[in-house]
Each structure stands twice: as C-alpha cells, then as structure tokens.
Amino acid sequence: MNSTLVMLLAGGVGSRLNILGAARAKPAVPFGGRHRIIDFTLSNAMNSGLNIIGVLTQYKPLSLMDHIGNGEPWDLLGRTRGAKILPPRTGQQDSDWYKGTADAVRQNMDFIRSNKADRVMILSGDHIYKMDYAEMIGFHKKNEADLTIGMMPVPWEETNQFGIANVDQEGRIIDWEEKPEKAKSNLASMGIYVFETEYLLDALQSQPEHDFGKNIIPSAIENDNVFCYPFEGYWRDVGTIKAYWEANMDLLQVDSGLDLDAWRIRTRVEEVGRLGDRPPAFIAPGGSVKNSILSPGCVIKGTVEDSVLSPGVVIQEGATLSKSVVMHDSIIGKNANVSQSIIDKNVITSENATLGNGDPNKANIEKPSHLWSGLIVVGKRAVIPANAVIGKNSIIGYYTSEADYHSLQIPEGSTIKNSRA
Amino acid sequence: MKNCLALVLAGGRVDELNLLTLSRPKSAVPFGGMYRVIDFCLSNLMNSGIEKIGVVSQYRSLALVNHIGVGSWWDFVGRDRGATMLLPSTKHLGGDWYSGTANAIYQNIEFIKEKNPELVLILSGDHIYKMDYASMATFHYDMDADLTVAFGAIDPAQSNRFGVADIGDEMHGYGGVLKSYLEKPEREQQPWASLTIYMFKPEALYRALEENSGENSHEFGRDIIPAMLKKHKVCGYKFHDYWGYTRTIEEYWQTSMDLLKPDSPIDLEKWNIRTNLDHDKLRDRAPARIRSTAELNNSFVYNGCDIAGKIENSILFPGVKVGEGAYIKDSIIFYDSVICENACITKTVADFDVVVEKNSVIGSNNSKTTKQDSSSQLTSGISVIGKGTVVPQNTIIGSNCSISPSLKTTDFKQKKYKSGTVIE
Numbered sequence: 001m002n003s004t005l006v007m008l009l010a011g012g013v014g015s016r017l018n019i020l021g022a023a024r025a026k027p028a029v030p031f032g033g034r035h036r037i038i039d040f041t042l043s044n045a046m047n048s049g050l051n052i053i054g055v056l057t058q059y060k061p062l063s064l065m066d067h068i069g070n071g072e073p074w075d076l077l078g079r080t081r082g083a084k085i086l087p088p089r090t091g092q093q094d095s096d097w098y099k100g101t102a103d104a105v106r107q108n109m110d111f112i113r114s115n116k117a118d119r120v121m122i123l124s125g126d127h128i129y130k131m132d133y134a135e136m137i138g139f140h141k142k143n144e145a146d147l148t149i150g151m152m153p154v155p156w157e158e159t160n161q162f163g164i165a166n167v168d169q170e171g172r173i174i175d176w177e178e179k180p181e182k183a184k185s186n187l188a189s190m191g192i193y194v195f196e197t198e199y200l201l202d203a204l205q206s207q208p209e210h211d212f213g214k215n216i217i218p219s220a221i222e223n224d225n226v227f228c229y230p231f232e233g234y235w236r237d238v239g240t241i242k243a244y245w246e247a248n249m250d251l252l253q254v255d256s257g258l259d260l261d262a263w264r265i266r267t268r269v270e271e272v273g274r275l276g277d278r279p280p281a282f283i284a285p286g287g288s289v290k291n292s293i294l295s296p297g298c299v300i301k302g303t304v305e306d307s308v309l310s311p312g313v314v315i316q317e318g319a320t321l322s323k324s325v326v327m328h329d330s331i332i333g334k335n336a337n338v339s340q341s342i343i344d345k346n347v348i349t350s351e352n353a354t355l356g357n358g359d360p361n362k363a364n365i366e367k368p369s370h371l372w373s374g375l376i377v378v379g380k381r382a383v384i385p386a387n388a389v390i391g392k393n394s395i396i397g398y399y400t401s402e403a404d405y406h407s408l409q410i411p412e413g414s415t416i417k418n419s420r421a
Numbered sequence: 001m002k003n004c005l006a007l008v009l010a011g012g013r014v015d016e017l018n019l020l021t022l023s024r025p026k027s028a029v030p031f032g033g034m035y036r037v038i039d040f041c042l043s044n045l046m047n048s049g050i051e052k053i054g055v056v057s058q059y060r061s062l063a064l065v066n067h068i069g070v071g072s073w074w075d076f077v078g079r080d081r082g083a084t085m086l087l088p089s090t091k092h093l094g095g096d097w098y099s100g101t102a103n104a105i106y107q108n109i110e111f112i113k114e115k116n117p118e119l120v121l122i123l124s125g126d127h128i129y130k131m132d133y134a135s136m137a138t139f140h141y142d143m144d145a146d147l148t149v150a151f152g153a154i155d156p157a158q159s160n161r162f163g164v165a166d167i168g169d170e171m172h173g174y175g176g177v178l179k180s181y182l183e184k185p186e187r188e189q190q191p192w193a194s195l196t197i198y199m200f201k202p203e204a205l206y207r208a209l210e211e212n213s214g215e216n217s218h219e220f221g222r223d224i225i226p227a228m229l230k231k232h233k234v235c236g237y238k239f240h241d242y243w244g245y246t247r248t249i250e251e252y253w254q255t256s257m258d259l260l261k262p263d264s265p266i267d268l269e270k271w272n273i274r275t276n277l278d279h280d281k282l283r284d285r286a287p288a289r290i291r292s293t294a295e296l297n298n299s300f301v302y303n304g305c306d307i308a309g310k311i312e313n314s315i316l317f318p319g320v321k322v323g324e325g326a327y328i329k330d331s332i333i334f335y336d337s338v339i340c341e342n343a344c345i346t347k348t349v350a351d352f353d354v355v356v357e358k359n360s361v362i363g364s365n366n367s368k369t370t371k372q373d374s375s376s377q378l379t380s381g382i383s384v385i386g387k388g389t390v391v392p393q394n395t396i397i398g399s400n401c402s403i404s405p406s407l408k409t410t411d412f413k414q415k416k417y418k419s420g421t422v423i424e
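Protein chains in written order, with my numbering: chain A, 1 to 421; chain B, 1 to 424.
With a Cα cut of at most 20 Å, we get these calculated EDC-like pairs of lysine to aspartate or glutamate:
1) B:LYS261 - B:GLU251
2) B:LYS261 - A:GLU317
3) A:LYS290 - B:ASP306
4) B:LYS321 - B:GLU357
5) A:LYS290 - B:GLU312
6) A:LYS345 - A:GLU402
7) A:LYS184 - A:GLU158
8) B:LYS281 - A:GLU270
9) B:LYS230 - B:GLU211
10) B:LYS310 - A:GLU305
11) B:LYS281 - A:ASP75
12) B:LYS321 - A:ASP259
13) A:LYS301 - B:ASP267
14) B:LYS2 - B:ASP132
15) A:LYS290 - A:ASP255
16) A:LYS290 - B:GLU295
17) B:LYS281 - A:ASP261
18) A:LYS334 - A:GLU305
19) A:LYS301 - B:GLU312
20) B:LYS310 - B:ASP336
21) B:LYS329 - B:GLU250
22) B:LYS321 - A:ASP261
23) B:LYS270 - A:GLU271
24) A:LYS130 - B:ASP284
25) B:LYS387 - B:ASP411
26) B:LYS321 - A:ASP255
27) B:LYS321 - B:ASP306
28) A:LYS130 - A:ASP75
29) B:LYS281 - A:GLU271
30) A:LYS301 - B:ASP263
31) B:LYS281 - A:ASP259
32) A:LYS242 - A:ASP359
33) B:LYS358 - B:GLU295
Just so you know, the hints here were simulated from the structure itself, not pulled from any lab data.
Please take these sequences and the hints and turn them into a complete structure.
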C-alpha cells in the first residue's frame with residue numbers, strides 16, 4: 001500500500017457553515033463531540049493502510065495544523081510514514097494562492113515527485129463517511145485504470161451540485177457532466193480520485209484548468225481508462241448548517257449507519273494549552289441526560305436531551321438543552337432553555353436565556369439560504385445576556401456580548417453582530 | 001526543580017486490596033473513571049516541575065510498564081528529562097529481588113549517583129492527593145535538613161497503622177525538626193502520620209542506605225528514619241490538604257466516593273491530573289452514549305460507555321455497557337464490563353471485562369457481616385468481582401463477597417450466595 005500517496009484537500013472555506021466556518025477551515029469544524037470533520041478521512045486512510053499524507057491547507061489553517069500536528073493519532077509517525085502540511089507558497093514562477101482542487105495539487109507536484117509513489121489518491125476533508133480506500137485502490141489496479149473516481153447515487157434533486165457520470169457494465173465511465181442542470185444519471189462524484197502518478201502529472205502539466213471536474217476528468221474519460229468505484233453507505237457532505245446538525249443527530253439514532261466506534265475514527269485528544277486531561281463526564285445530583293453523547297469534562301446539573309456535547313460543556317441547575325450541538329467549554333446558565341441550536345466553543349449562555357423561540361419557518365433575514373429550518377447558530381466566545389429570548393433561525397455572531405443587543409427580545413431570523421469588529 | 005531526582009516506589013502488592021491487585025501492583029489500580037492511582041503522583045511530579053524520575057517496581061509490573069511507557073504523557077521526554085523503569089535485575093555481583101523499600105532504592109544507587117542530583121525525592125505511587133513538591137523542597141532547604149518527611153493529620157486512635165511523629169514548629173504550621181518517630185506504635189500517639197514522601201540530601205541518603213545494608217530489615221519507615229534521627233537533621237513537613245488512601249478495599253471505595261461528594265475534595269480539573277491516554281485505548285473511544293431509557297445521578301461516565309440503565313453514585317470506566325432496567329448504585333465498574341438488562345449492582349467494585357448477566361443481583365447496602373461470618377475477609381459491605389468473570393443470569397450474591405477472576409457461568413453452582421462468601 002505504500003506506493004499510494006494521499007493528497008488531502010483541506011483548504012475549504014465552508015462558507016455555508018456560516019460562523020462555524022468563520023474561524024477555521026471546514027475540515028477543522030468539530031463534529032460528534034470530540035472529533036473534527038477531517039478525522040473521518042484521516043482515519044479512513046489509516047484504516048486502509050495509507051501512510052503518507054500531504055494535507056493541502058489554505059483557509060485559516062491554524063486549528064487544522066494544531067490538530068494534525070505530527071500525525072501521530074492516525075499512525076502517521078515513523079520512518080515510512082508522515083503527515084505533511086502543504087500550504088500555498090511562492091515559487092520560481094507562481095506566487096499564488098490555490099485557485100482550485102487541480103491547481104492546489106499542481107502547485108505541489110514537487111512533493112508528489114519526491115515521494116515516488118505509483119499512485120496518488122486525492123481526497124477531501126469535508127465528509128462524514130467510512131470507506132476502505134485499499135479496496136478502491138485494488139479495484140483501480142485490477143482495471144489497470146489511469147483514473148478511478150469514487151461515486152455514489154444521490155437524490156435526483158441534488159445532482160446539480162455534483163459531477164455526474166454514466167458508466168458501462170464494466171464500471172467504465174463513458175459520460176461526464178459537471179453540475180448539470182438536468183442530469184442523465186444520479187451517480188455523483190464524491191471527490192475521491194485515484195490517479196496513476198505519471199498520468200496525473202502529465203494531465204496537470206498539459207492542461208491549465210483549476211478544478212478536476214471541468215476539463216481533466218472529461219478529457220480523461222474521452223481518451224483514457226477511467227473507472228467508477230461505486231460506494232454505498234453512509235456519506236454526508238456536512239457543508240450546510242442543516243446537514244451538519246442532522247449528521248450530529250444521526251449519532252443519536254440507533255440505525256443511522258453512522259458509528260464512530262465501529263468505524264475506528266481517531267482524533268487528537270490533546271488540546272493546545274491544556275495541562276491536565278479532561279476528567280470523566282459528571283452527572284451531578286439533579287442532572288438528567290437522555291439520548292445524548294457526553295464527552296469528558298462535561299458537568300451536567302440540568303437536563304439534557306437528544307444532544308451532542310463536546311468536552312468541558314457545563315449545564316447549570318435548572319437549564320434544559322435539547323436537540324442541540326454544544327462545543328468545547330460552553331456553559332448553559334441556570335434555568336436557560338436551549339433547543340435546536342449549534343453552539344460553538346466557549347460560549348456563555350447566561351441565566352434564564354431562551355434559544356429557540358417562535359416560528360421555525362421564518363428564515364434568517366440576512367442569510368436565508370443558511371438558516372431556514374429552525375436552527376440557531378452561536379459563534380465562538382459569544383456571551384448571550386441573561387433573560388434574552390432568541391428566535392429560531394437566528395445567528396449570534398462570535399465574540400458578541402450584551403453591548404451588541406438592542407433588546408433582549410430577538411425575533412426569528414435575526415443576526416447579532418459584534419459591533420466592535 | 002531541575003536538579004531533583006524523584007524515585008517512585010510503585011511495586012507493592014497489598015493483600016487488603018484483595019482481587020484488585022491479583023494482576024497488577026496497587027499503583028496501577030484504576031481510579032476515578034479513567035486514571036491509574038499512580039497518575040496522581042506522576043502528575044504532581046510534572047506539575048512541580050520535576051523532570052527526572054525513576055519508577056521502582058517488581059510485583060506484576062507489566063500493567064505499570066505499559067502505563068508509564070516512556071513517560072511522554074507526563075512530559076518526561078526531552079534532552080534533560082526522563083522516566084526510567086527500575087525493575088529488579090541481576091548485577092555484576094549478584095542482585096536480587098527488592099527486599100523492602102530502602103533495599104529497592106539501595107539496589108538502584110548507581111542510577112541515582114549517575115544522575116548526580118542535588119535533591120532526591122522518594123515517594124510512593126499509591127495515594128490520591130495534590131501536592132507541590134517544590135514547596136516541600138523550599139521547606140527542606142530552609143530547614144537545611146538531611147531528610148524531610150511529609151506528614152498528614154490523622155485520628156490518633158489510628159496510630160497503629162502509620163508511622164507517627166512529634167514535629168517541632170520552627171516553620172509555623174508547616175512543621176520543623178522531627179522530635180520523635182514511631183513506626184506503627186501500639187498505643188495511641190501523635191496525630192501526624194508519615195505520608196511516605198521523603199526528601200534527602202543525596203550524601204545523607206547514600207550513607208543511610210550503606211549503613212542499613214548490613215541489617216535484616218530495609219524499610220524507610222521502620223529502619224531508615226529512626227536510624228537517621230540519631231545522627232542527622234530530620235525534619236517533618238506538615239501537609240494540610242486532602243489525602244486519599246487506597247490500601248484497603250474500604251479505603252479505595254471511600255476515596256473513590258470522595259470524588260462524588262458535593263464540592264469534592266478531589267478536583268481532577270484543577271489538579272491537572274494526566275494519564276496515559278493510549279493505555280486501554282482511552283483516546284480511541286467515542287464519547288459516552290446515553291440512551292433514552294438511562295437515568296444518571298451523581299456519577300462519572302467516560303468515553304466508550306453505553307448506558308441504558310439507572311446509575312447512581314457510581315463511577316463507570318471507559319467502555320462499560322449498562323442494559324435497560326439495570327441499576328448500579330454506589331459502585332465502581334472498571335473498563336469494558338457489561339451489566340445486562342435488569343441486573344442490580346450495589347456497593348460493588350467490578351474489575352475489567354466483567355459480565356453480569358440479566359436479572360442478577362450483586363451486593364447490598366446491608367453490610368452487617370462480621371469478620372467471623374466473612375470468609376472473604378471483607379467486612380465493610382463491599383463486594384468485589386475479579387477480572388473477566390461472567391456472573392450467570394438470575395444469580396443473587398450478597399455483600400462482602402469476593403468473586404474470583406475469570407469465572408465462567410458454569411463455575412457458579414448456586415443461585416444464591418450469602419454475604420461474606422468467597423466464590424472461586
């Protein structure tokens with residue numbers, strides 16, 4: 001397996017994740033209590049026996065770099081192993097940012113050459129799934145393919161967001177449409193590619209395009225051996241607030257198909273700046289937890305239902321939390337009432353505050369495409385004032401505090417911004 | 001504390017800990033839902049800025065060797081840092097098992113000399129506490145002591161279990177010169193008991209160990225302190241904070257329950273306690289899964305737990321699974337044990353990988369077993385289940401029972417076992 005090099009595209013902005021993606025690249029967004037989204041791809045690679053990974057970063061890479069570190073949690077440390085962060089850099093000719101997926105890989109052709117691998121596997125760090133890449137590489141070798149693309153059926157109404165393929169009986173791709181208005185098939189690209197190294201380098205040098213889907217793939221299909229590796233099972237693009245919340249809620253469903261333990265998803269548990277380990281979660285007298293996920297360091301004095309809690313979350317006396325995702329070290333104050341919310345790290349929800357009031361159908365006024373299903377997002381280190389009542393589909397900006405509120409009654413679809421920013 | 005070398009005595013097996021130390025030294029006994037007892041000492045060393053340690057062990061040391069690794073979890077890896085396991089070994093001239101605490105150090109004297117420390121800290125790895133050894137070192141230097149021993153307050157009626165001392169008050173509340181010292185005296189004595197934490201000037205230590213080497217007994221408490229009192233400056237440092245013992249099942253259980261008290265004296269978060277997150281795959285486990293039917297009250301749960309039953313005043317280690325309708329009260333359940341549907345566990349310590357099948361009842365709050373009645377030697381009301389045992393369904397087992405490790409369901413010949421029974 002050592003002759004496959006992994007190039008992991010982890011530079012994504014994740015703008016539709018709104019303020020969750022404001023401070024970090026999308027792959028670094030926390031998920032499922034103590035993981036980050038990129039853990040799924042990294043763990044799949046580890047479980048598939050892939051030992052050398054180049055991680056291409058660009059947008060706000062600091063959380064990601066801390067998280068990946070030397071790659072040790074994914075067994076990437078050793079003589080023939082490695083996790084290499086590949087940021088954009090100035091070179092002899094190029095002094096440019098990555099302009100797209102293919103461009104990012106092109107700017108790292110020297111890294112690919114220096115690794116002398118027979119194949120290059122290109123992955124993105126944006127998805128929640130389990131896949132045995134070794135099996136896909138075996139499939140690629142068996143077909144003597146130049147390029148193999150991981151694909152799965154998606155709902156027809158979503159075909160316009162993907163590269164869509166038609167395949168023959170052998171699995172050879174015979175037709176390709178990039179984000180078609182009207183698709184001929186619902187077999188969608190998962191953005192998972194296995195290339196023969198020489199083939200990839202030639203294609204990148206001979207074609208100037210920035211993304212794989214528009215030119216490199218179609219011309220490969222026309223002229224060379226391109227196969228579809230079919231995937232079935234749980235796979236989520238958690239690129240929107242709603243999809244992100246739903247995937248977290250899937251962890252609480254018995255048969256959702258998402259199973260962190262069985263999938264052997266690993267993460268880095270060391271946190272920058274923490275000396276001691278997080279102690280076990282503590283359910284205090286009077287606390288109650290139902291159908292939820294608790295991480296170490298949580299202290300539960302109130303009531304928690306149908307929620308996913310990251311390490312160090314504190315639920316104070318009389319508080320109720322339901323159908324929510326709460327990230328590291330956030331505090332839900334006494335008698336506060338929070339439902340259907342995604343709360344980023346270090347948020348303080350003060351006493352008696354209510355999150356989740358009103359009509360779920362009143363979409364966010366500024367970003368109706370981000371928040372329209374009734375969810376509330378609260379940005380990192382926000383302080384929600386005592387007695388505030390926050391309507392559904394609202395966005396509470398990061399680092400906001402009482403000074404940013406004109407009234408404690410925040411109607412549905414509002415956006416609270418940091419007035420000092 | 002650059003020039004301090006710490007030696008942790010982690011070897012001992014204590015019979016009073018019953019089944020829990022059958023397969024591991026007492027310092028490696030799990031504690032607090034994710035830790036091993038020795039983590040408290042190792043974290044104190046790390047937090048005190050001590051960078052070089054040796055861990056002295058001989059009884060069933062595998063669990064300990066696995067746990068400590070190269071010491072990286074406590075920041076002992078670096079150019080001038082290090083954690084070394086000091087296991088008994090054959091030497092140029094003989095070499096032998098360690099016969100006593102002082103002998104264990106004496107057999108490693110070359111290791112100590114090679115490090116050339118300014119100060120040698122010798123301590124045991126089996127207590128639950130938070131101490132800044134740097135403060136004790138300051139006391140030691142201020143007193144210009146050859147040996148400083150740390151003491152904690154006890155009920156004087158308990159004197160016969162400890163090394164007790166009469167301590168001067170030169171340092172105003174923090175102690176002073178040791179006026180007298182008695183190891184486990186029969187009569188009621190002073191309220192200050194040795195915590196088995198010793199700071200030595202290296203030369204004084206070397207001389208005391210040489211002089212002791214010809215004797216028959218080689219213990220710091222019984223032999224070294226009394227001998228040094230005659231010729232050296234020996235001081236007592238009074239420690240005023242929480243001290244948790246884990247030497248007997250009752251102490252172990254009580255110290256564990258202290259974690260669950262309101263305003264617990266053991267503050268794991270503030271104490272910055274670290275453990276080896278690789279050991280028993282702590283870090284690989286997904287967060288705890290709490291099902292809709294679960295009821296949890298005043299309890300600890302950790303990653304890998306899957307809870308559908310009722311948990312009260314209990315500590316569940318990683319990977320414990322509790323079925324619907326099961327009820328666990330006042331108990332401590334180690335890694336990966338499974339408590340099936342409608343089983344009921346009260347005041348019990350269950351070791352790793354125990355299975356209690358459905359509808360079984362273990363332990364009770366009725367603890368009126370006397371020593372005569374209790375063939376298990378357990379009298380404090382706590383039942384203990386050994387590692388890997390499977391208790392068959394519909395079995396009723398009383399309090400103070402000692403259930404051996406690795407039993408299969410067919411080893412349980414009775415449906416009902418009265419309190420104080422040993423099941424083997």
